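Undergrad: Residues per chain, in single letters:
There are 4 protein chains.
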Amino acid sequence: MTSFTQIAPLLEGQAIEVPSWAYGNSGTRFKVFGSPGTPRTVEEKVADAATVHRFTGLAPAVSLHIPWDLVDDYTALRAYAGELGVSIGTINSNTFQDDDYKLGALTHVDRKVRQKAIDHHFECIDVMNATGSRDLKIWLAEGSNYPGQGDIRGRQDRLAQSLQTIYARLSDDQRLVLEYKFFEPAFYHTDVPDWGTSYTQVAALGDRAMVCLDTGHHAPGTNVEFIVAQLLRLGKLGSFDFNSRFYADDDLIVGAADPFQLFRIIFEVIRGGGYAPSNPDSEVAFMLDQCHNIEDKIPGQIRSVLNVQEMTARALLVDRDALTAAQESGDVLGANGIFMDAFYTDVRPDLAAWRETRGLPADPMRAYAESGYQQQIEADRVGGTQAGWN
Amino acid sequence: MTSFTQIAPLLEGQAIEVPSWAYGNSGTRFKVFGSPGTPRTVEEKVADAATVHRFTGLAPAVSLHIPWDLVDDYTALRAYAGELGVSIGTINSNTFQDDDYKLGALTHVDRKVRQKAIDHHFECIDVMNATGSRDLKIWLAEGSNYPGQGDIRGRQDRLAQSLQTIYARLSDDQRLVLEYKFFEPAFYHTDVPDWGTSYTQVAALGDRAMVCLDTGHHAPGTNVEFIVAQLLRLGKLGSFDFNSRFYADDDLIVGAADPFQLFRIIFEVIRGGGYAPSNPDSEVAFMLDQCHNIEDKIPGQIRSVLNVQEMTARALLVDRDALTAAQESGDVLGANGIFMDAFYTDVRPDLAAWRETRGLPADPMRAYAESGYQQQIEADRVGGTQAGWN
Amino acid sequence: MTSFTQIAPLLEGQAIEVPSWAYGNSGTRFKVFGSPGTPRTVEEKVADAATVHRFTGLAPAVSLHIPWDLVDDYTALRAYAGELGVSIGTINSNTFQDDDYKLGALTHVDRKVRQKAIDHHFECIDVMNATGSRDLKIWLAEGSNYPGQGDIRGRQDRLAQSLQTIYARLSDDQRLVLEYKFFEPAFYHTDVPDWGTSYTQVAALGDRAMVCLDTGHHAPGTNVEFIVAQLLRLGKLGSFDFNSRFYADDDLIVGAADPFQLFRIIFEVIRGGGYAPSNPDSEVAFMLDQCHNIEDKIPGQIRSVLNVQEMTARALLVDRDALTAAQESGDVLGANGIFMDAFYTDVRPDLAAWRETRGLPADPMRAYAESGYQQQIEADRVGGTQAGWN
Amino acid sequence: MTSFTQIAPLLEGQAIEVPSWAYGNSGTRFKVFGSPGTPRTVEEKVADAATVHRFTGLAPAVSLHIPWDLVDDYTALRAYAGELGVSIGTINSNTFQDDDYKLGALTHVDRKVRQKAIDHHFECIDVMNATGSRDLKIWLAEGSNYPGQGDIRGRQDRLAQSLQTIYARLSDDQRLVLEYKFFEPAFYHTDVPDWGTSYTQVAALGDRAMVCLDTGHHAPGTNVEFIVAQLLRLGKLGSFDFNSRFYADDDLIVGAADPFQLFRIIFEVIRGGGYAPSNPDSEVAFMLDQCHNIEDKIPGQIRSVLNVQEMTARALLVDRDALTAAQESGDVLGANGIFMDAFYTDVRPDLAAWRETRGLPADPMRAYAESGYQQQIEADRVGGTQAGWN
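Chains as they are written, first to last, in the UniProt record's numbering: chain L, 1 to 390; chain Z, 1 to 390; chain R, 1 to 390; chain D, 1 to 390.
FYI, nobody ran anything at the bench for these hints, they're computed from the structure.
Nothing false has been slipped in among the hints.
In this list, chains with the same sequence are indistinguishable; a pair is considered to hold if it fits within one copy or across any two.
20 Å max Cα-Cα, derived SDA-like pairs, lysine to any residue:
| no. | residue 1 | residue 2 |
| --- | --- | --- |
| 1 | LYS116 | PRO67 |
| 2 | LYS102 | VAL113 |
| 3 | LYS112 | ASP331 |
| 4 | LYS31 | TRP389 |
| 5 | LYS31 | PHE96 |
| 6 | LYS236 | ALA168 |
| 7 | LYS236 | ALA160 |
| 8 | LYS116 | ASP99 |
| 9 | LYS116 | ASP100 |
| 10 | LYS112 | ASP99 |
| 11 | LYS116 | ALA160 |
| 12 | LYS102 | GLU328 |
| 13 | LYS112 | PHE96 |
| 14 | LYS112 | GLU328 |
| 15 | LYS102 | TRP389 |
| 16 | LYS116 | LEU70 |
| 17 | LYS31 | GLN386 |
| 18 | LYS236 | LEU205 |
| 19 | LYS31 | GLU184 |
| 20 | LYS102 | LYS112 |
| 21 | LYS102 | GLN115 |
| 22 | LYS31 | ASN390 |
| 23 | LYS31 | HIS120 |
| 24 | LYS31 | GLY388 |
| 25 | LYS31 | PRO185 |
| 26 | LYS31 | LEU70 |
Nothing here was measured: the structure is a model prediction, and the numbers come from that model.
Isolated chain L (complex conformation) (with noise of 0.2 Å):
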């Protein structure tokens, strides 16, 4: 098997953006359950992202959702988030949380209403000219409840008109991604529910249009490292909401689920020329998307970017060449056996050696708890709205 040492050079620069919303609080339908020291302004968010980096190395970028993260002055706040060692990285749109969404935005039936998402967009846009982001991405929560109750083509086809203005005011240097979901908020059908969908609607737009996966928006059982290799092999894949879900799409921690279909993807990745460090003509982003809706919100993206971290690690150990070989024998069991020779390598121990020597805690989840930064939110953060989905 290949050793550490040889992967520990491709280790360096791994970048994860963080999600602002993941330090406010989230839930389900039922509750969502508030915790101490939770963020209020988008400030706060940032100094909570700008910690995951400074404890990990690993989260150099937080990505911003807009309405959610408003702010007056753009300028400022990348000036603050760069004074705190992190850049601004995508920009998110919601289309999901005005009334006039109920029945649709970019698919509405009624152009106004589609104008209305698409001006959104293009205010998104006008974030990213003064935050530097690179992406705009849109999630999609548009679909019908009951069959019958849309136009499910002519749908698609607004879709892809409304998608065409929106990209046609991306400067050179900008991309459009697309993200698909299997369902909900919709329960019949979504207008973007599949990577095919999310390729076609991508392709038919232009070469800075990509797809976006997360990794939690399949049916279940769908192999998600093929269609990883799929898009990849296709030259479409955009960036990864990474995450992970027993039943739908759950946003737990990455890699906390089904940390083996964490290798797999991250494989497939290297493999297909995805992961930068290996590769620096890839431009595929790797972020998370979760929901900390009962445990701790930075120690969570903590873990998580760790989790991302080790299993990328465990992906490079994978012995390339005597995979190749097994392969191309028949050799089932053997070829099975190098690759989970790779998986079942713990390689903590060498990653904390290899942080240290970086200026990195050796095991970032205990520093920060005896950082005292937790005790210090808690107390500061008194009074106030905390940050959530709104």
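Add chains Z, R and D to chain L, keeping to what the hints say.
TA: Quick look at chains Z, R and D alone, frame taken from chain L:
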């Protein structure tokens, strides 16, 4: 095939409880859309429920949810409902919206939290005593999100103890019905995830403890009518929460997603003696539990009770003697054909005529639309706080 | 609602290809049950297929599977079919029953194995040339059972090359249709697991390469009618393999498991211009692909084509203008009601009468049962080897 | 964390029954691939099973399947196995490969068919008496394919009667274990589809009737470790059929699809007292039930028992005291972290060393490959009929 005339008497007395919360606002974790005319008080919810009954003759009871339906004087509420022609049905408890219940209620490791949850059920029993309700329904929204977070088995033991205490408080003419659910709001393990768990828990309690079957609370592909047949065989089917789903617990209008499944379920209810009009000994309660997130609420409920009635009529039309003969002769296509014949029969014209003979509108949906009730409540219900899940 | 009289002309010319293998024995991995009267030869299969057409007027073509339907003289077979009133339809290739294909065929790492599989398709094209078939259907039963066993992406590239070679061999009036399937017989990854993969592969080939949609080949919960609408929108829906399922690829009689789903699918076919009687430009082929493991095969096929016809009639009954009006006004319940009204209409009496006006039996199932055909073949087909999947 | 030294004693005596049929050919409904060296006789299967034990020390018993393993003299077979160092384990009945059982066996409407199936179980008990087997395992491959085909509830009643008769035939030291399965080979309803049904059926029989849990026989998303915990709590977990799956009943190598799930399952077994080395009172049988369709069979089985052993070691490493403390303090991330720490620990080097101290090869896979056994059986086993599912 059996004729409509033959089955018409068996449609007499069909009763479906409607839930008070169906008239308030509901939504997903992303957004709750409001709509004009939504009730602000328990009394307004009861009035809407009574309206459904007035137009359909199918919904003589309304189930309440505590604390969403807290009032000072349940005797007065009971009298008010009676004046409107309906009674108070099942009382639903709530152990998922208090901060103390974040990690469990009846299963919590902390005895004080468990006692608080038990006390809440005692309050519900007090309400039952005042309203004359027979059933205390417990949906246990408890579980864990991460492997290792809780002691799965210890929680099961504590649940048994808590239920025992609650059950002991019931009077002899009251029942405890325990609902199961596959997942949500917990995303790793749920404490009562399947009928087997609900059954073994209530079987340990006694004769007046039963299972509540929510038709949307199963894993993908589950044969729900099999569970209906099994629970009736075991004498433990207490009640239904009807709704429909394409994916998870979508809570769509009953019969909307898969009308044929509803037909099969009701067929097994009738065959197993769980349909009161054809088996006076039956104590199985038919209830709705749905979310009208985007559609109008009162017509949504009218549509729902009509769907149950129409599918009941179809299920009654099955020529049971011919079916048995085909089954016993091993005639696969013949038996299936007899079954499908009833399903494909359009009972709507006969039902319309039958309704009119009983002083009900032939087309309750149209009659409601033309009645002016909706316009009236939209005009009247201005100000105040629209009811929802809180 | 639209009346039956209005839609009757659109029922003219509906054509459903029946598969030769439906008349042979099939089963599960556990057991294949035989039954009296099962065909021993290709000719007997064609005769049974012609019988289905004679009783229904719906099945003017029979699709073949190579090598299960190998004969020396396809010109003679074509003539024989013609005498019986049917034509030879789609030719299906088989790359899953040769020992060489254990680890792949068109995707195999070994160039010799790939060439063997390509050559098999050349033979199929020869058959097409002799039979006058338009479509070469490729179901790729390829994949892997264990992570690491194969190079997922390399296989995709080799598949593209193999398909290119096959496609180049087709004449200008022939088409290649590529079927996708979620899983089975491979249990970890499948090389063409979803419509997106099939679409991107055929889009790379050219205009005469299309997607084949088998209604049973999706993940649990997949909205199949959405895929139908999308593929029609993209101009890439080549053909259907109809059947139904409760769980996986159960291959039950079409419409048996979820009649409402079949209704929704056919509605989208019509709406999208894929139904030839209402859109003469349509080239979408309707086929069955089912397994009659325990039921009688010929009546199983009769039941199936009737189910498609009945559901087509219902889908045609949808009042499209009223539906559009309701959709555009945002009337969720109204639009759904218009849609359901057509589904719940019992078209069987009108269809029976319509059949009689065309010289067909009003009740094809009964007419077949009373015809003596089944008794005849049971008496005649003694000795020899019953046809099956080999 | 607990150290390997502490847990090593608990690895002593771990025993996993291997199934005789794993050494024969298996496949899908599409194709069964053969391979050189496949056993032709029961004795050769037992020899292969004994080989697995010789290289691993983990597989001291082999389970038989009647009639696949029919021999004239079971006493001789028992002696032969003993000479090779293994015993005969569970006896599996088969009621799915006789034409009479097409529509049912223990549930059939025809009393004669039921009696035939009961008599078959009596024969299996005779075999048990001769082989000294403790357990009669019944997997009921019964159900129906079409709604209406059978009387779901009547079948359940007949099943209860049939099981009663079989159970009464057992001696006091024998057990009946009833396996459940979500679907296949029946595709509409299955007579024992879930643990609840198996539990209620065996609970009605008596103390020596238990549930068999096949890890691949559940609906998508099912929390299998919850069922393990529940059955142990109810005192009704009789045995495991281990294997793994991505989709349906894929019957892949245990631990291959989701190693973390295997870890969670074994953790609950240990926690619930079902692991004999740490609870001498436990009578839970660990068995494999897998299909090596494309991989080599003997190394496939070696890999499997090693996977169970490795995951058992990891599960034993969980620091139960620390876990309980974290759970009781509501530390979600802490409790999960303790749990994951054990899972991520690489126990393989310690296990290799431990094996050597016990006279076993450090790397059983490599030792087998280098032993020449495979070459020997490939050379020896020429001619005859390779064993399979018949």
